[in-house]
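*Asks:* The chain contents come next:
There are 2 protein chains.
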Amino acid sequence: MKPINLKQKHAEFSKQWHPHQIAVVDDMQVLLAKLQGEFVWHAHENEDELFQVVKGTLYMQFRDRIEVVNEGEIIVVPKGVEHNPMTKNGEEVHVLLFEKMGTAHTGNLQHEKTQTHYPKI
Amino acid sequence: MKPINLKQKHAEFSKQWHPHQIAVVDDMQVLLAKLQGEFVWHAHENEDELFQVVKGTLYMQFRDRIEVVNEGEIIVVPKGVEHNPMTKNGEEVHVLLFEKMGTAHTGNLQHEKTQTHYPKI
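Residue numbers (UniProt numbering), protein chains in the order written: chain A, 1 to 121; chain B, 1 to 121.
Hints are computed from structural coordinates only; laboratory data are not their basis.
Where hints are given, some of them may not hold.
Because identical chains cannot be distinguished in the list, a pair is counted as satisfied if it fits within a single copy or across any two copies.
Stated by the list, open to error - Computed cross-link-like contacts, DSS-like style, restricted to lysine-lysine with a CA-CA straight-line distance of at most 25 Å:
1. Lys-88 with Lys-100
2. Lys-79 with Lys-2
3. Lys-2 with Lys-88
4. Lys-2 with Lys-100
5. Lys-120 with Lys-100
6. Lys-120 with Lys-88
Let the sequences and hints guide you as you build the complete structure.
*Replies:* Rendered as structure tokens:
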């Protein structure tokens, strides 16, 4: 019930592609992450996933196109849809995520980037 | 699956204290609203409610204190907790809300500010 400053929270961690939990709303969680380069193709079978770009430009790759998500924009990836977030030119992009508690960030895929624990900050 | 620009969406309506739906994530909805002055004391018996301040400064009144929520900050109001959002000095504050589908924005209270329909924009 205290205000949470997104920039301050983003400054509390440096590891990329590793979501950190800042809040819970019913059975959904609010995560922050830092992205640079390309993630990995995956889908979430049962969960939608919302990305909000707080800093930089996110390129959300779908199998048939790429959506450019600028600062101050959100994009919802529906359940079951393959996607692969990417940044360009070495830019580190800061995002906020809204998704169900327990959503695996690489979906069914087990990958070297897979994190099983999201620290609370 | 298209990016949604919050500022552009906020520009599409002018009515204050009237949430507009911009996205759905599983059984939760993302709403935008414009606030000016004081709302009304209420609680949501079964739903948490997240506020994100996109523009301006929100003063979230609780029965025992006021939390100041600045631009770029979020605050989660837990279910059952009485609250009353307010702005100061005639400022119009723009917020994003994240809450369960069907959450009544005045809770159990029926009030002249109560809106039963949230337009999709």
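*Asks:* State for each hint whether it applies.
*Replies:* Do the hints match the structure? See the list:
1. Taking the shortest alpha-carbon separations for Lys-88 and Lys-100, neither the intra-copy value of 28 Å nor the inter-copy value of 35 Å comes in at or below 25 Å.
2. In this homomeric assembly, Lys-79 and Lys-2 come within 25 Å of each other (Cα to Cα) only across copies, at 15 Å, whereas the closest approach inside a single copy is 31 Å.
3. Only between protomers do Lys-2 and Lys-88 lie at most 25 Å apart by alpha-carbon distance; the minimum there is 19 Å, versus 35 Å within a single protomer.
4. In this assembly of identical chains, the alpha carbons of Lys-2 and Lys-100 lie at most 25 Å apart whether taken from the same copy (22 Å) or from different copies (21 Å).
5. Proximity of Lys-120 to Lys-100 under the C-alpha cut-off of 25 Å is found in both arrangements, the shortest distances being 15 Å within a copy and 23 Å between copies.
6. For the homomeric pair Lys-120 and Lys-88, neither the shortest alpha-carbon distance inside one copy (28 Å) nor that between copies (33 Å) is at most 25 Å.
Hint compliance for this structure: hints 1, 6 are broken, all remaining hints hold.
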